[in-house]
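Respectively, the protein sequence lines represent chains F and A. Residues in the first sequence are numbered from 1 upward in steps of one, following the numbering used here. Residues in the second sequence are numbered from 1 upward in steps of one, following the numbering used here.
Among the hints, erroneous ones may be present.
[Claimed, not checked] Below, a list of computed lysine-lysine pairs in the DSS-like style, where the Cα atoms sit at most 25 Å apart:
hint, chain 1, residue 1, chain 2, residue 2
1, A, 14, F, 95
2, F, 89, A, 35
3, A, 14, A, 30
Source of the hints: derived by calculation from the structure; they are not laboratory data.
So you can see what is in the structure, the chains are spelled out below.
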Amino acid sequence: MNTSTKVASAGEPVILFRVGPYKFAITASEVHEIREYDARWIALQKARKEAGVVTVHLAAELGLDVGKEQHILLLRGVDVGLAVGTVEKMAQARKVYQLPSAFAGKERQWYTGLLVLEGEVVPLVDGIAFAFRSKVAVKGA
Amino acid sequence: MTGMDKFVVFPLGKRRFAVLATQVTELASKGTPQKFPHTTPSLLGVLVRRSAVVAVCDVAPALNIVTHGENKFYLIAECTVGGKREPVAMPVTGECVLAEATIAAKEDRFGLGVLDSQGEQITVLDLDALISYCTARPPQQGSEISR
């Protein structure tokens, strides 16, 4: 079977988190800081406009129910935070599998690949893609 | 195709279909597809098989088959999807059998032709066309599969 093509080198640390009932991962190198979710802080950042941090609600981006965010993953190098459910733990990506080609929708922009951790398939979120789209959306607003 | 070819014949709802045996890589017993948010229609999730991640595609609606969720196995076959050759798993409703027959041409949207099995006309599926159709329909808004 050819879908097992490895698309990234093994051993990269990832942060595991939940959004709704689903588990996701993001490479640790993409994350600068993990903050507790705080609506006042988000509002303050919004008031700072261009100088503030844009918070992207990952649940909304993925078409899931919003409202149970507990953490914000501040991305490295961009003024964007991803609001997520619970941050669970760190893990090591032994293999990163390509998303099967049959997946042809928005998920191709959302994920850089899939991890299999203890038998569980975990999408690897492309934080920079969400950050880029959010900044474009904010600036275009 | 000329002469006798080998086919894997499988039940789907009340009908039986066939695929070229050379395309089939495995018949897996029922497991639960693992799900994550996505917007591609017909995909039920993925299976991890032999250290590979395989998309699970429900082809029954495209074939106008109602299965009532009685899927028992996954037929995993090599298909060309998005220009790439990869295995795709399809839920089927019973055990598969190997048949050797001569395929007869017949106009069918997803069929390569038909084979005759003791008087039963069984459509031999063009999996590339079928899977491409199933996964390429325009997604509906908010159609993330989270079942």
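**Request:** Hint by hint, work out which the structure violates, then give me just those numbers in ascending order.
**Result:** Result: hint 1 breaks, nothing else.
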